[in-house]
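The listed protein sequences correspond, in order, to chains P and D.
The first sequence begins at 1 in our numbering and counts up by one.
The second sequence begins at 1001 in our numbering and counts up by one.
FYI, nobody ran anything at the bench for these hints, they're computed from the structure.
Any given hint could turn out to be false.
Below, computed lysine to aspartate or glutamate pairings styled on DMTMM-like, alpha-carbon distance capped at 25 Å [claimed, not checked]:
hint, chain 1, residue 1, chain 2, residue 2
1, P, K230, D, D1236
2, P, K230, D, E1298
3, D, K1230, P, E13
4, P, K137, P, E13
5, D, K1230, P, E48
6, D, K1230, P, E258
7, P, K230, P, E176
8, P, K7, D, E1258
9, P, K230, D, E1013
10, D, K1230, P, D236
11, P, K137, P, E258
12, P, K137, P, E24
13, D, K1137, D, E1298
Number of protein chains: 2
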Amino acid sequence: MRCQRCKGDATVEVRRHHTAFCNEHFIEFFDRQVERAIEGEHMFVRGERVLVAVSGGKDSLALWDVLRRLGYDATGLYINLGIGTYSEESHQKSVAFADAQGLELLVADIPHDYGMNVEEFARATRRVSCSACGLSKRYLFNRVAVDRGFQVVATGHNLDDEAAVLFGNLLHWQTEYLARQAPVLPSTHPRLVRKVKPLYRIAEREAAAYAIIRGIDYIVDECPNSVGAKSLLYKDALNLLEQAAPGTKQSLYWGFLERGRPLVQAQDNATLRDCIHCGQPTTAEVCAFCRMTERAAERMRVRRAGDAPRAADVPDEVPAAAPSAGG
Amino acid sequence: MRCQRCKGDATVEVRRHHTAFCNEHFIEFFDRQVERAIEGEHMFVRGERVLVAVSGGKDSLALWDVLRRLGYDATGLYINLGIGTYSEESHQKSVAFADAQGLELLVADIPHDYGMNVEEFARATRRVSCSACGLSKRYLFNRVAVDRGFQVVATGHNLDDEAAVLFGNLLHWQTEYLARQAPVLPSTHPRLVRKVKPLYRIAEREAAAYAIIRGIDYIVDECPNSVGAKSLLYKDALNLLEQAAPGTKQSLYWGFLERGRPLVQAQDNATLRDCIHCGQPTTAEVCAFCRMTERAAERMRVRRAGDAPRAADVPDEVPAAAPSAGG
């Protein structure tokens, strides 16, 4: 196959666009798609401070890399979730990338700050791991962004991720979730920053190709807690369709943004107020993260009854999630 | 496994309901689901004349059978589409069932009435076969029902069919089609009868189980034109999910009816008028079926230029689709 641009040997096929590129022109294609996402959806402009949610995986490192290359002011934030060697390796890959590029990586450390990891949060509050983990990440990315003066948090969700999440929400017709699925979620509260997904036009394998071509060393393993996750099943089903009809995922997600989302948007009428414990925006009196961490701390105290009290078992006060600059 | 009702040996498992039944109690379950569909959705009442769209397959014969057993006034209509041995076998199975049960089967014969089959309609008008076939069936079922004084047309679409169609419409966000997908489409014009799908609560394998238990001999082969059809691909993808999470199809389709459809219904604002050729309701001046059959007849005339004119090549007049009572 030939590169669409230079007619040299193609290295990456983009079947849903009926095209292929050599390394150089694939990067050009990738950049253009990301720029179209950022500009077309008014995600942010040069000069705004962007906090990139970095996991050490291909998507988030590719995102951080492309944003810097395109001249945006992007800082990474790595959250240590405390998931054994997976977290260790993720952290190490994130640090290595930041070091090699001379970039600043902020680190928020859940086991250090809260005395337990997200799996313990999950067990103590009878959530599934992915729920406790997702809640923690959403909370901390926003909180760190607000505390550190970032205007926007960018995550590495790609087209495959978004299509799979959409598919799951459609399978269960979770209209409130549908209403909140978009490449840009604007700030609707002074302490809620804008959330953006600059890779929503990029397929998963294109993000991997970008990382490989750019020489980015990323963690290949999926999180061990994701084994059997519904989202992977949804991806399998969509991959089956994509193989038979390239462009299916794009059609599903972009069609939703254009024609489906306007229908459900009226469903999203949550009123935000301040969590009475941490001050972060929430629809309840106490935000979900504070409820989770407090309940988890309470269980931990009960279990350790008789043990010497630990700093992390602070009862009603949530420790300030002040991440240390690392990397 | 044990029957949920009598604790005897179960023969049919209904995984999405976490249950299983012996033959006798499965039929009871099936009847109850169909009654719930008919009564809950106000499809029709005893005494109304129901025209059942009969293809000779498991779904339509099971539907006809259960409606008669439940005491409804159901007459079958078989449409000969002219698809080679598939149509011949379909016809034969439909006739055999009607004969065995002493039921009246109406027959509409497309090759006889229009001088060509649905594949020739498709070729002549550059449609895919399934499009020409679907259009012909929708048109003729309605027209025969109106001409013969039926209040309602019932089709054998099951839960798997409906979930697959919904999935396809969602993958392409065809909001007009989404608005028109429902177990009941009310009559919105004096010459448009109500359309109902009494098996929408029944999974495909349950319809097959019903037909087998009831000793109904049905055509097992799929239509040869459906090979590679997208709808089969959508079914494969949904089956993958159903296997991992029984109830997925039900959740997708029922959730749509409850929470999705109300959002898209406003999209369906077509105004119907009378086709100037056949008088059937249409959104255009000439209905899609007349446009297709006229164009097909025109092409046929061009191709046969010089041949002796045939009765079926009548230029502007569509032959009256007066089906002969058969069976």
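Broken hints, by number: When the structure is compared with the hints, numbers 2, 4, 5, 8, 11 and 12 turn out to be violated.
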